[in-house]
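So the protein lines, in turn, are chains R and U.
Counting from 1, position 503 in the first sequence corresponds to residue 503 in my numbering; the numbering is continuous, with no gaps.
Counting from 1, position 203 in the second sequence corresponds to residue 1203 in my numbering; the numbering is continuous, with no gaps.
FYI, nobody ran anything at the bench for these hints, they're computed from the structure.
Don't take every hint at face value.
[What the hints assert, rightly or not] Chain R is faced by these chain U residues, among others (derived, beta-carbon under 7 Å):
{"id": "1", "residue": "1075"}
{"id": "2", "residue": "1191"}
{"id": "3", "residue": "1210"}
[Unchecked claim] Taking lysine to aspartate or glutamate pairs in the EDC-like style, the calculated list, with each CA pair at most 20 Å apart, reads:
{"id": "4", "chain 1": "R", "residue 1": "741", "chain 2": "U", "residue 2": "1211"}
{"id": "5", "chain 1": "R", "residue 1": "738", "chain 2": "U", "residue 2": "1110"}
{"id": "6", "chain 1": "R", "residue 1": "767", "chain 2": "U", "residue 2": "1034"}
{"id": "7", "chain 1": "R", "residue 1": "767", "chain 2": "U", "residue 2": "1093"}
{"id": "8", "chain 1": "R", "residue 1": "741", "chain 2": "U", "residue 2": "1088"}
{"id": "9", "chain 1": "U", "residue 1": "1207", "chain 2": "R", "residue 2": "773"}
{"id": "10", "chain 1": "U", "residue 1": "1070", "chain 2": "U", "residue 2": "1014"}
{"id": "11", "chain 1": "R", "residue 1": "838", "chain 2": "R", "residue 2": "665"}
{"id": "12", "chain 1": "U", "residue 1": "1105", "chain 2": "R", "residue 2": "758"}
{"id": "13", "chain 1": "U", "residue 1": "1105", "chain 2": "R", "residue 2": "773"}
{"id": "14", "chain 1": "U", "residue 1": "1105", "chain 2": "R", "residue 2": "720"}
{"id": "15", "chain 1": "U", "residue 1": "1183", "chain 2": "R", "residue 2": "717"}
{"id": "16", "chain 1": "R", "residue 1": "731", "chain 2": "U", "residue 2": "1088"}
{"id": "17", "chain 1": "R", "residue 1": "731", "chain 2": "U", "residue 2": "1090"}
Here a beta-carbon is modelled for each residue, glycine too, at the ideal position from N, C-alpha and C.
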Amino acid sequence: MPMSEKRPDPDLLLARVQAEEKRRSRAVLKVFLGYAPGVGKTYSMLLSARRLSAQGADVVVGCVETHGRRETAALMEGLAVLPRREAVHRGTRLFEFDLDSALSRKPEVLLLDELAHTNAPGSRHPKRWQDVLELLEAGIEVHTTVNIQHLESLNDVVAQITSVKVRETVPDHVLDRADAVEIVDLTPDELLARLAEGKVYLPEQAKRAADNFFKRGNLLALRELALRRTAERLDSDVREYRMQHGVTATWPTAESILVCVGASPSSARVIRGARRMAAGLRAPWTAAYADAPNAYPMTRDDRRRLDSHLLLAESLGAAVVRLSGSRVGAEILRYAREHNVTRIVIGKPAKRRLREIFSGSLVDELVRESGEIEVHFISGRIPDEREDPPPAPERPPLHPAPYAWAFLLVAVAAILAVTGRNLLALPDLVMLYLSAIMAAAFLFGRGPSLLAAALSVAAYDFFSVPPYFTFSVEHARHILTFAMMFAAGLSISGLASRIRRQEKDARYREERTASLYSLSRDLVSVQNEGDAARITARHAAEVFRGRAAVLLSEPSGAFVPAAKSPDNFALSEEELAVVRWAGEQGRPAGRGTDTFPGAGLTAMPLSAGPRTPGVLALWEIATETLSSIERRSFLEAFAAQAALALSRARLSEEAKASALKAKTEEMRSSLLSAASHDLRTPLAAITGLSTLLRDDRGRIPDAQKSEILASICSEAERMERLVGNLLDMVKLESGGMKPRKEWVPLEEIVGSALSRLEGRLTGRSVKVHLPPDFPLVSVDPVLFEQVFVNIIDNALKYTPPEGPIDISAVRDGEDVAVSVADRGPGIEAGQEERVFEKFLRGSHPGVGGVGLGLSICRGIVAAHGGVISAANRPGGGAVFTIRIPLPEAPPTALSDGTEGFP
Amino acid sequence: MNTNPPLVLVVEDEPPMLRFLATALAARDFRTAEAKSCKEALVAATSQNPEIILLDLGLPDGDGIALTRKIREWSQVPIIVISARGRENDKVEALDAGADDYLTKPFGVDELMARIRVALRHAAGGASGGPAVLDIGPLHLDLARREVAVDGREIHLTPLEYRLLVLLAQNAGKVLTHRQILKEVWGPPYAHQTQYLRVFMAQLRRKVEPDPARPRLLLTEPGVGYRMRDI
């Protein structure tokens, strides 16, 4: 064999590494599996716990029932026991396992008896195995016990063997998840002996069944089941080991199983059978339901049963698909071929339906067309299986109105038939009645149309068939007419109701698609989480017809309501706890789920990837939405879409924040380099010049000395300006510059800016053109003085020493535009915007400054809601224009004199 | 008034600043006393009886404004506060608390001396009610006849403008906050109607100044108030 083939498959290796990592990081689940009560599971568990405890492990008893057995109770001594939680249910006090205190106590190993236990109503999870999963998730090793008959996939087999239907079941995946399964074995004879000695505790409800249950034959069968199940596991462990260690062996061919699920009560058994087959073959399996538009309309009970079957299949680990096509068999085979299904499992039909004689049964079709795919039949019937009553049957109340209308329709037809008897032939009359039946069928559905059919036949007989006004008939051929008329009525009504159902389904699907589409359309442009939350909540409230809220996770881990629809309700502590659980675990919680099923709300995590940025909370939504797989998947699709938008918004916000941070970093570094260069230049001059004076030994002439001193002063002034600008910039950047607007004459601001620059303006022509009636402007006078100082300073730096500066202002609609113009070299083309950028300096050698002045101007003007722009001036030079809005009418010029003033 | 050179109390904690002030003052024949904190300043102000106080508002031990207020409880000694640019509120508060003037860091010796000179002059002449005729550069004010002339040309002012001009002229060289002017000219209820003052000041400038946008006399102290140039 070539070397390369011995090397393990890289994909398998990767999967193995991932699985190993997961196993290392996740907590261990150890299951003590028995085949019947009394084999000593609890005892074995406690024994092993004592060993662990003796080795120094932190072992805590979460919940162990000793059932008064002394030797078991003795084993518990010395182990820490978690106090039980007291729950009151219908006046009965129950002492339940306290999940929360176990989670907060966080022992290394927790002992939890009876994996299949059903928790008291009002607990977080309805089932104990769900508690166990949460404990494992939290990193707590759990040791637990379970009997084989509680295993979901074996449930029906056990029922068949023992005739005792076990209602408390544990999904197989829980046992599959176990890292160690220890089988607690005892021969049936020994067990029976223990039973006879009264050493076996039986729960109250099991006592009556005990006689049936503890039969030697039953026990043998159960024991075999338990051992086989363990062997199955062992097998998969071996296989895993082989894969891990590159052991070449005969690999099972890749099998894939498809089980056909229907609404028939026997389907559950077929599903369980398929699961066993899949487990035996270690094959993936899929449960498929094919929806044919021309099928018989399903009753509500059918639908509910179908949904429960699909849920069962899902809980047993199947992938659930819903196929749709005109021919069910063809559809199933198409799917099977596309997905490389090797075996199709289907329930053995109980009886041949009339219809199938004509149209061919599904079974026939599958067998005929399946080709290389094996088709397995599983008998769906167990003689003594009592089916669970469908949960909460909610029949629609009988509406009398449509029936009355149907009656009326027939009455109208009868009146027409009676009055037109002389004009119309009998076949026409039949048509008349059929029209009435048809109208009733299309308008009011199946029930009323059946009534119409019956009434029509009666009316036809009574009014139109001689002898008139009696139900007796002259000719036998009329009986045939009645029969045909009734048959036609029946098929019309069947047809009509099918059309109505299809229409309803189509409408529902359309609505669903439309609502998803409208949600995605609204979410597509969302940029921040708040908007995404608001849109999601609004749509959810509309689509699910209840209250909705979207809660977003905070850095602290808490979930805080970000949007509610309608806006006027608050979440209670309990509701927030449900939301938090859903958010932290990334699983749905609340009503209709396995967690907090008693809560008033349903919390859907909005997770994209490993993170759950938000939770969608829904109130008062229809039970149907949660119980039907189809509707639930719609809810999930809805949540997925919202989650996507939410995480996108969060990502874009984070990107923005990091971009801002990067920008701040960049700005800080340019600030540093600017500061180091531009502050050092004047400092170097000052230091140099002042040391020159200090160390002078009378050699520098006085005239030169005063020149040196003047230089020192001007360098110091330059540094003062730089520092001032840097400080202003920091203030602007940190958002600390808040304009304190006052009504000020523009002239005054310009005036004080010019006064501040007075020393440097000598020799320049500075002209200020302000109309005498110019309105007051609403600005911060101190900041705006700085704006003018910076612009004029800029002009002073970049224009020749005698260049004129012109300042003017005009009122332009709602704005005031102030311009500062010079006759310098102007602005390079394309640089008009860039001159306002930070640290940009004109390309003039020897011009000091950090390049912040104009940038500060822009910041200040923007803080006033205005804009500053630069342009080249006609005739040469640059012009800077500041536009600021005049928000409201400025105070009118005060009348002079003393009136109004003391 | 004693014949000794005036004593200046310098309240400043930064040694270089202190050295600069002490040297500059000594060169102009002032005597100086030093305090490095508000606490020391209060002791020195009581015990040494200075003729003028230079008070840095950025002292580490706290509140120059409270100190100003405390000193004003018993003394009219001129106080000139020293503060950084951008702290206009501090300046206004100190001035309203009773300080006479302010200097913005950094400042030159000539500016310092001008402030001290003006403050000492106003302190000396405060009680006498001032002269009846004021001549400030191109401005001629005859208080008895209520006549105003600029560059020898008589100008006509409304009563409020006149009162405003007189107030500034009487305090020539000294900064007056918006509040002080409004209280003085319009009355206490109008102390916050800064825009009235600004409008009247603009009108006054148009009458008094040849180029109102580049005033010679009526200077704006941004964010603080107005000052008549002391020529």
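Task: Restraint check for residue 1105 (chain U) with residue 720 (chain R), where alpha carbons must lie at most 20 Å apart - done: holds, 9 Å
Task: Distance restraint between residue 1105 (chain U) and residue 758 (chain R), which requires alpha-carbon spacing of 20 Å or less - done: holds, 18 Å
Task: Agreement of hint residue 1210 (chain U) with chain R interface, Cβ distance less than 7 Å - done: violated, 12 Å
Task: Given pair status - residue 1088 (chain U), residue 741 (chain R), alpha carbons within 20 Å - done: Roughly 14 Å between the alpha carbons, so the hint for residue 741 (chain R) and residue 1088 (chain U) holds.
Open item on the list: Run the distance test for residue 731 (chain R) versus residue 1090 (chain U): straight-line Cα separation, threshold 20 Å.
Closed with: At roughly 18 Å apart (the allowed maximum being 20 Å), residue 1090 (chain U) and residue 731 (chain R) satisfy the hint.
- [ ] Compare the distance between the alpha carbons of residue 767 (chain R) and residue 1034 (chain U) with 20 Å, and conclude whether the hinted pair is satisfied.
- [x] Outside the cut-off at roughly 47 Å; violated.
Task: Distance restraint between residue 738 (chain R) and residue 1110 (chain U), which requires alpha-carbon spacing of 20 Å or less - done: violated, 34 Å
Task: 20 Å limit on alpha-carbon distance, applied to hinted pair residue 838 (chain R) and residue 665 (chain R) - done: Holds - the C-alpha atoms of residue 665 (chain R) and residue 838 (chain R) are around 14 Å apart, at most 20 Å.
Task: Status of the hint placing residue 1075 (chain U) at chain R (closest C-beta pair under 7 Å) - done: Hint on residue 1075 (chain U): violated, closest Cβ of chain R at ~31 Å, above 7 Å.
- [ ] Mind checking the alpha carbons of residue 1207 (chain U) and residue 773 (chain R) for me, to see if they're no more than 20 Å apart?
- [x] holds, 14 Å
Task: Hint consistency between residue 1183 (chain U) and residue 717 (chain R) [alpha-carbon to alpha-carbon, up to 20 Å] - done: The given pair, whose Cα atoms are some 37 Å apart, is violated under the 20 Å limit.
- [ ] Quickly compare the C-alpha distance for residue 741 (chain R) and residue 1211 (chain U) to 20 Å and report which way the hint goes.
- [x] violated, 26 Å
Hint violations for this structure: numbers 1, 2, 3, 4, 5, 6, 7, 10, 13 and 15, all remaining hints satisfied.
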